[in-house]
Amino acid sequence: NAGVTQTPKFQVLKTGQSMTLQCAQDMNHEYMSWYRQDPGMGLRLIHYSVGAGITDQGEVPNGYNVSRSTTEDFPLRLLSAAPSQTSVYFCASSLQGRRGYEQYFGPGTRLTVT
Amino acid sequence: QQQVKQSPQSLIVQKGGISIINCAYENTAFDYFPWYQQFPGKGPALLIAIRPDVSEKKEGRFTISFNKSAKQFSLHIMDSQPGDSATYFCAASGVDSSYKLIFGSGTRLLVRP
Numbered sequence: 001n002a003g004v005t006q007t008p009k010f011q012v013l014k015t016g017q018s019m020t021l022q023c024a025q026d027m028n029h030e031y032m033s034w035y036r037q038d039p040g041m042g043l044r045l046i047h048y049s050v051g052a053g054i055t056d057q058g059e060v061p062n063g064y065n066v067s068r069s070t071t072e073d074f075p076l077r078l079l080s081a082a083p084s085q086t087s088v089y090f091c092a093s094s095l096q097g098r099r100g101y102e103q104y105f106g107p108g109t110r111l112t113v114t
Numbered sequence: 001q002q003q004v005k006q007s008p009q010s011l012i013v014q015k016g017g018i019s020i021i022n023c024a025y026e027n028t029a030f031d032y033f034p035w036y037q038q039f040p041g042k043g044p045a046l047l048i049a050i051r052p053d054v055s056e057k058k059e060g061r062f063t064i065s066f067n068k069s070a071k072q073f074s075l076h077i078m079d080s081q082p083g084d085s086a087t088y089f090c091a092a093s094g095v096d097s098s099y100k101l102i103f104g105s106g107t108r109l110l111v112r113p
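Which chain is which? The protein sequence lines are A and B, in order. With the first letter of the first sequence counted as 1, position 66 gets the number 66 in this note's numbering; the numbers rise by one all the way through. With the first letter of the second sequence counted as 1, position 109 gets the number 109 in this note's numbering; the numbers rise by one all the way through.
Everything labelled a hint here was simulated from the structure, so no lab data went into it. Be aware that one or more of the hints could be misleading.
Stated by the list, open to error - Here are a few chain A residues that face chain B, going by a calculated C-beta distance under 10 Å: (1) 30; (2) 32; (3) 40; (4) 104; (5) 106.
Claimed, not checked - No farther apart than 20 Å at their CA atoms in a straight line, the calculated lysine to aspartate or glutamate pairs in the DMTMM-like style are these: (6) B:5 x A:38; (7) B:68 x A:59; (8) B:100 x A:72; (9) B:57 x A:102; (10) B:57 x B:31; (11) A:9 x A:26; (12) B:5 x A:26; (13) B:42 x A:38; (14) B:5 x A:59; (15) B:15 x B:53; (16) B:100 x B:31; (17) B:100 x B:26; (18) A:9 x A:59; (19) B:5 x B:26; (20) B:100 x A:56; (21) B:100 x B:79; (22) B:58 x B:79; (23) B:100 x A:102; (24) B:42 x A:56; (25) B:42 x A:102; (26) B:57 x B:84; (27) B:58 x A:102.
To be verified - For the chain B half of the interface with chain A, some residues (derived, Cβ under 8 Å), not all of them: (28) 43; (29) 45; (30) 49; (31) 98; (32) 101; (33) 104.
The structure presented is a predicted model; accordingly, all values stated were derived computationally and were not measured. Don't be surprised by glycine CBs; every beta carbon is placed ideally from N, CA and C.
Next comes chain A alone, as it looks inside the complex (with noise of 0.2 Å):
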């Protein structure tokens, strides 16, 4: 299993500028969310998806949107990018239930708005 992947590793854009960060897991997890970590302030819930068709905003959801057409592809649309959306972020996945409370956590996209 690759578990959860995330491409692309490293981005740069100029302001106003969109993109698509790329997540997939092949874990055949339920649940899937989106966070950012900026420095000092940990990882911030921006959306997630308890299954394909149903997303829901978290903490910080300004600016991005998500869609979840499949199990596995859960990526994060920015729409007009701004700098203060410079950061890292991390998809991850996990299997509801008893057991599974457990997220895993994909490498990471580094993104830098200019």
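Starting from the known structure of chain A, arrange chain B on it as the hints suggest.
Frame of chain A, contents of chain B only:
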């Protein structure tokens, strides 16, 4: 509003020493408290987690202590090793919503040889 407060921000420990990281939470609805370990350039990985029905959980050199009345929990790393040098995050959520973790701000641990 920071729902999970973590301290210290950084910690330096000698090899063989005990590393202690503390967290406090506000929301009494939280009932799942994991600790994640993150190495540079990698995603966080679950280290150990606790539910509030127990006051302590131990896995190898890693122990979580939990104080429900004080709304505090801590990570103890016994016999700290240079390979433990990493950033540690505490987190909290409802037990049925562990996909919506609230993270602390992180502690950068350096274990000197």
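For each hint, the structure was consulted:
no.: 1; hint: 30; in the structure: holds (9 Å)
no.: 2; hint: 32; in the structure: holds (8 Å)
no.: 3; hint: 40; in the structure: holds (6 Å)
no.: 4; hint: 104; in the structure: holds (8 Å)
no.: 5; hint: 106; in the structure: holds (5 Å)
no.: 6; hint: B:5 x A:38; in the structure: holds (15 Å)
no.: 7; hint: B:68 x A:59; in the structure: violated (25 Å)
no.: 8; hint: B:100 x A:72; in the structure: holds (18 Å)
no.: 9; hint: B:57 x A:102; in the structure: holds (16 Å)
no.: 10; hint: B:57 x B:31; in the structure: holds (14 Å)
no.: 11; hint: A:9 x A:26; in the structure: holds (19 Å)
no.: 12; hint: B:5 x A:26; in the structure: violated (34 Å)
no.: 13; hint: B:42 x A:38; in the structure: holds (14 Å)
no.: 14; hint: B:5 x A:59; in the structure: holds (16 Å)
no.: 15; hint: B:15 x B:53; in the structure: violated (33 Å)
no.: 16; hint: B:100 x B:31; in the structure: holds (12 Å)
no.: 17; hint: B:100 x B:26; in the structure: holds (16 Å)
no.: 18; hint: A:9 x A:59; in the structure: violated (24 Å)
no.: 19; hint: B:5 x B:26; in the structure: holds (9 Å)
no.: 20; hint: B:100 x A:56; in the structure: holds (10 Å)
no.: 21; hint: B:100 x B:79; in the structure: violated (32 Å)
no.: 22; hint: B:58 x B:79; in the structure: holds (14 Å)
no.: 23; hint: B:100 x A:102; in the structure: holds (11 Å)
no.: 24; hint: B:42 x A:56; in the structure: violated (26 Å)
no.: 25; hint: B:42 x A:102; in the structure: holds (17 Å)
no.: 26; hint: B:57 x B:84; in the structure: holds (19 Å)
no.: 27; hint: B:58 x A:102; in the structure: holds (17 Å)
no.: 28; hint: 43; in the structure: holds (3 Å)
no.: 29; hint: 45; in the structure: holds (7 Å)
no.: 30; hint: 49; in the structure: holds (6 Å)
no.: 31; hint: 98; in the structure: holds (4 Å)
no.: 32; hint: 101; in the structure: holds (7 Å)
no.: 33; hint: 104; in the structure: holds (5 Å)
Checked against the numbered hints given earlier, this structure breaks hints 7, 12, 15, 18, 21 and 24; the rest are met.
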